[in-house]
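Starting from the two chains in their separate frames, assemble the complex, guided by the hints.
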Amino acid sequence: MSKNTRRDILRTTAGAGSVAIISWFGPRVDAAGADSLAPQAVASRTFSYFTAPEIAFIDAAVSRLIPADELGPGAKEAGVTFFIDQQLAGSFGRAETWYMQGPWKEGTPEQGYQLKLTPAQLYRVGIQGIDDYCRRTFNKKTFAELGAGDQDKVLHGLEKGEIELAGAPAKEFFSMLWQNTNEGFFADPIYGGNRDFAGWKLIGFPGPRYNYVNEIEQYGKPYMLPTVGLMGRNGSAFRKG
Amino acid sequence: MATKLKPVDVVLVGFGWTASILAKELTDTGLQVLAIERGKFRDTVPDFATTHIQDELKYAVRGGLFEDPARETLTFRNSLDQTALPMRHLGSFNPASGVGGAGIHWNGQNWRFLPTDFQILSHTEARYGKNFIPADMTIQDWGVTYDDLEPYYDKFEYLCGISGQAGNVQGKIQSGGNLFEGPRARGYPLPPLKRSYATVLFDKAAKDVGLKPFPCAAANTSQPYKNPYGVQMGQCTYCGFCEWFACGNYSKSSPQTTIFPALLPKDNFSYRTLCDVTRVNLDSTGKRATGVTYVDVQGREFEQPAELVILCAFAQHNVHLLLLSGIGRPYDPKTNQGVTGRNYAYQITSSVNVFLDENMNPFMGAGALGQAVDEFNGDNFDHGPLGFIGGGYIALWTTGGRPILQQHGAPEGTPKWGGGWKKSMHENYLKSVSVATHGSVMSYRDSYLDLDPTYRDVYGNPLLRLTFDFHDNEHKMSKFETDKAALIAKAMKPRSIKINYREGHYSILPYETTHNTGGAAMGADPKTSVVNRYLQSWDVSNVFVMGSSVFPQNPGYNPTGTVGALAYWAADAIRTKYLKNPGPLVQA
Chain A
57 MSKNTRRDIL RTTAGAGSVA IISWFGPRVD AAGADSLAPQ AVASRTFSYF
107 TAPEIAFIDA AVSRLIPADE LGPGAKEAGV TFFIDQQLAG SFGRAETWYM
157 QGPWKEGTPE QGYQLKLTPA QLYRVGIQGI DDYCRRTFNK KTFAELGAGD
207 QDKVLHGLEK GEIELAGAPA KEFFSMLWQN TNEGFFADPI YGGNRDFAGW
257 KLIGFPGPRY NYVNEIEQYG KPYMLPTVGL MGRNGSAFRK G
Chain B
30 MATKLKPVDV VLVGFGWTAS ILAKELTDTG LQVLAIERGK FRDTVPDFAT
80 THIQDELKYA VRGGLFEDPA RETLTFRNSL DQTALPMRHL GSFNPASGVG
130 GAGIHWNGQN WRFLPTDFQI LSHTEARYGK NFIPADMTIQ DWGVTYDDLE
180 PYYDKFEYLC GISGQAGNVQ GKIQSGGNLF EGPRARGYPL PPLKRSYATV
230 LFDKAAKDVG LKPFPCAAAN TSQPYKNPYG VQMGQCTYCG FCEWFACGNY
280 SKSSPQTTIF PALLPKDNFS YRTLCDVTRV NLDSTGKRAT GVTYVDVQGR
330 EFEQPAELVI LCAFAQHNVH LLLLSGIGRP YDPKTNQGVT GRNYAYQITS
380 SVNVFLDENM NPFMGAGALG QAVDEFNGDN FDHGPLGFIG GGYIALWTTG
430 GRPILQQHGA PEGTPKWGGG WKKSMHENYL KSVSVATHGS VMSYRDSYLD
480 LDPTYRDVYG NPLLRLTFDF HDNEHKMSKF ETDKAALIAK AMKPRSIKIN
530 YREGHYSILP YETTHNTGGA AMGADPKTSV VNRYLQSWDV SNVFVMGSSV
580 FPQNPGYNPT GTVGALAYWA ADAIRTKYLK NPGPLVQA
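Going down the list, the sequences are from chains A and B. Each residue of the first sequence is one higher than the one before, counting from 57 in the numbering used here. Each residue of the second sequence is one higher than the one before, counting from 30 in the numbering used here.
There could be a bad hint or two in this list.
[Claimed, not checked] Computed cross-link-like contacts, DSS-like style, restricted to lysine-lysine with a CA-CA straight-line distance of at most 27 Å:
(1) B/Lys236 <-> A/Lys257
(2) A/Lys296 <-> B/Lys87
(3) B/Lys236 <-> A/Lys277
(4) B/Lys556 <-> B/Lys316
(5) A/Lys257 <-> B/Lys452
(6) B/Lys452 <-> A/Lys216
Hints listed in this document are in silico derivations from the structure and should not be mistaken for laboratory results.
Chain B with its partners taken away, still in its complex shape (with noise of 0.2 Å):
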């Protein structure tokens, strides 16, 4: 029998990136305020320190910040006939569990989408027709465009304390930056990183194909700064070791390096680790959440009511949760009728292996240090004549060398192992660069999340299930970026390159990117998304989602500026819209 605690005015399920951003703007209006959190609490000083973080196997290889699959997984079929079998071991994507959430591990690559991203089916439509979009894609517009958010990616740079240059300010192009951009209000808060050899090389060759290159904004600071909450981070020492780490140097942004001084502080607001939430409840009506039910590290089981509960895990869980909970109908593929779990997407790599003669220190990084192109990226150039929707970017990131999971391949015909293998390594290392497409995935009628038939966690409930596959048209974006960043990597003048196209099914190992979206789609329209234009469930108006799992399809870009964008642009409804008039800020 679960114990009934005191009441708070908003419980936070995680305690992320999203989390903390609520916690923050929440906790000012004087509400009561508390996290929920699964992992354990971790900071900066002394979880992170350089002495012990800079570990290759435990932290990239054995997945010391991630999520153990023990405790939650998922099961995984490519296709309806199939039976989903689960995910035994991270592989695909690395979810983190713990205070800070994967905004501990990222890279801190830092992206707006574009203006026509938020609106890719009327977009589309307009431009090609639409005969364009095949009959099996469910892609929709957000219900929320890039202007409207605009401010909100703005705070949430400033928050963080971004590097880069930018490429449109107020509508006049900028040279040096992404001119592709949309219009934003100022440029970034910090000027780009320092530029490794190799990013100086993919720079030139770029521009040497005709293309336009611009420093990644990144969440790794180049100078010291202090942000809009006073809180101060240090300039980034190119150690290399961003990704699957937590940064010891106080140069990642993170919520523990952006928010936390300015937000553990206070009294009235508080957070629980260690603690599993396994439901939102509801009342008889099923139109209002009451609350959350949560087991504690022992194993106790508490109930915690709430005026307010917002879903903060990872995309996902967020998902999961809904699921379990009976929030918004869930998605049938069969009919197409349903929402939840509806529209789950993720995104579409490959690579290009460059060998070079020069010795380019790849030790020598940061997560976000990269040069990129974006002139194939969402509707950028015409698609008319190639058949496919989206794109992607084309960069080359130098995040480091760590020498388990990062070597750059090796060329063609090299042994796999033996002494082949091994004089490649010794020869290879320094001097291999590697040029990367990032691409979207549209969202199709098969491709999303239920719960699994058979399969169980340790509460006993079901196990999330991910039906899902790359479809003809990703292939035909994918196969089209890499021939360009051939392009490109030929021009950097190597000894040899090797093209890794993506290929094949969908694959759970191993690894691809933790890009996951979509399950909790936002939208204009309630019978095709579970929540509306502030991410308010449709159906429980005072539960709201958070993160990549309102994405009603995945754009060319790394998700984190949009999530921390929608994080400030809901709290931001919740302060001045629902809070004085709690009900649905949208009528359906």
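Isolated chain A, as found in the complex (with noise of 0.2 Å):
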């Protein structure tokens, strides 16, 4: 499997906006020692499981979903793509607490998930089967190379099942991609999205703080602390595994 640093990929899948969202950060610099106010050593953000062309699929589908506006930072900005690799190379990408022995057979859908296939596998096969789909269907190009005009139209058809996919089910797949997206933009920067508190600031939760017991009384007034994470204020504080 081929290794990527956050930056090769910049460098690669260059072009369609990449460069405009860097001014989010302002200087780019690399997470380890981003921040004084850091208490620990940061990994270094070394894609683990997605492939390049998997890297320019998910930061083109969770732009679309999480969008970079006047509001601030999208799922993209906020490391999303690396949060979801990250999390396809861990336990929960491997279905590791989940009961995966057969038979295997279509369920209802009150029946919850029965695919065979882990959350990992479900990405490769999910991902590429949008890719053959997209250029089937437009020229060549593939999801990324849309524009997002027709990049919100696939999404739309996955997540009603109307675009059939080899290999995996459409739903099953865009229901995945979003509650990943969700949790990448929305978990604890540790896990390597979240980054700088995006998601955190966008809606106004402060982060993990302790204790209100001065203030939950103080009704309607807006709570003034800065956000914190479980690694305090620093929060490019991504850590590894």
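Laid out in structure tokens, this is it:
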């Protein structure tokens, strides 16, 4: 499997808006040592599971699901692609805690997930299937190469199950992608997403603060202390594994 | 071949709330007690430190404190004509694995059931007539009354240091409390929690529409508290990480924070972790248990002899073990004969999202910080013209504002993703709350647990099979409750509301509630119950079954208060009756 750093990816996929994104962070710095408040050493952002085309797909898809706009960074800028990569490389991606014994049968919607695929496998075949569909439908272009309008059309088609993918049900893939995008945008930055607290700042969540005894009865007043994560005020403090 | 171990007096299967209560009560009599737990040992220090426990992804989303379906799950179908398929990952409910059980990750919402809840069949027949009960509904009286249990409710509440406002002390109605509750001997040990802004608005709105709201009783300590065992708890800090998390502050009642300091040092108590009990062993008559078989983390099998076997696992796991061990005749929905697995029930919930103009700071909260009304619970209202049985409470909880799973929805018409969704999150997270309904589910002939014919667990044993769906009675009741919730929500003078009725089939995902009940129902008649009024197996008198598995149907309240009360009630019966004269405490 190819190992790509975030910087390699920016280089290889630059063109479709990547350059503009960098400005969200000001001068780009490596995660390690980005903030003197960081108490612990911080791991570097080396991709573990996704291939370069998969990174291009996820970057493009999460940019439509949670776009960068006047309200602030979107999912891509918040590191959601890297977050999903790390989740898929870990126990979630391997369905480690799931019951994965056969026989395998298609169930009713009420019976929940019944695929033989682990989340990591679902992403692999799902992305392959979507890019194949896009090449067939949009003049040999991959999903990442489409304009925003066509990308949204494809995402809606997946969400509604109107697009047939070889190897995986589109609805199931979309639902997992949206769930993981949400997680990556709002989970503590130690998992690689929600970078610089982009998700929390968007909504006004101050992070896992510990004591509101003095504030809870101050009705209607905004909470003023700065955002913190589990590793303090450094919102790019990613913790490997 | 199993290695046979030295006998103990009592073996407890599981080491959560009920096992901890039984262990304390029975070791106090001098008995040698052993608890066997499938999960790990864990305690406030070092496992729950606030430096890492407030991690929504790890604990709430990925279920860091929950059971792993890879090791233990069940199969599910809505009806008998379907093929049940495995619950491959957790969804609808989240049982725990590990010492302390779900007592670690609960919110701490602590209720007593209504006096009429324990006599639902006889009460309903008397008030509305026999024909009022649908033909396929299999509700029954519990064989125990509210008055029987009152001292034991009290004991559990003083163990936990419950924060609340009494509504009925010895028959005298107390202003500001729940006037529908059964009479209690004394008030709660601690005053109610501080109120969030949202609960203040709910309180006013409920009064405006003519209801009598009250602060919910909380197993989150509003003040420092020392319980009757001498165990000290600290004041809750309203950090908003209760349910799905463990408390690092000694403020949420759990076996660890209320019992362990008084239990673990005892020489006549011991526990083993990472051990799966696979059978209750019976002698050749099938009427006496000789102990249990379990498998340790290295895969070694052991036989643990014991005089008394008490099942203290999570609801459906107790039933699984009974079925695997051949205790009680398995229930057959076709003939309506048999008892083990009969009367599985659940709860039916719904919500109304309320979008307000002001800042609610939803992230400041506690698991049981809520304001509720009880006018529409149990038989607190006339069901005659409504044509359904049961009810629920309506509450506004401020449990926290964790951003992945606790977004209170978006107003009608908001896109599900994209820029419009993002804008809505930006505008609404701080200014939205939700009014919840928490409704009862009756028991039915076709809602039950048995062994799956196809799927196996890691030991090759059949998985438990759950057959369950919501019935018309519950849909009607839930719609009624939800409409009442919407009335209160509207009286909060919001920008808008969004009503989320519970419609359609029961689904194994997404999350609804971990209030699974039944399968080892208690009762007065061995033809329709697995255990008698003392939670003792009718068929194997040295086996007792704890927990919500003994509920014959599920009332409209959170179960833990009653689970705790029943554990103390059973412990008392074992101490004062069974030990003097081991054998059936009730003649069949």
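Against the structure, the hints:
no.	hint	in the structure
1	B/Lys236 <-> A/Lys257	violated (36 Å)
2	A/Lys296 <-> B/Lys87	holds (14 Å)
3	B/Lys236 <-> A/Lys277	holds (25 Å)
4	B/Lys556 <-> B/Lys316	holds (17 Å)
5	A/Lys257 <-> B/Lys452	holds (13 Å)
6	B/Lys452 <-> A/Lys216	holds (23 Å)
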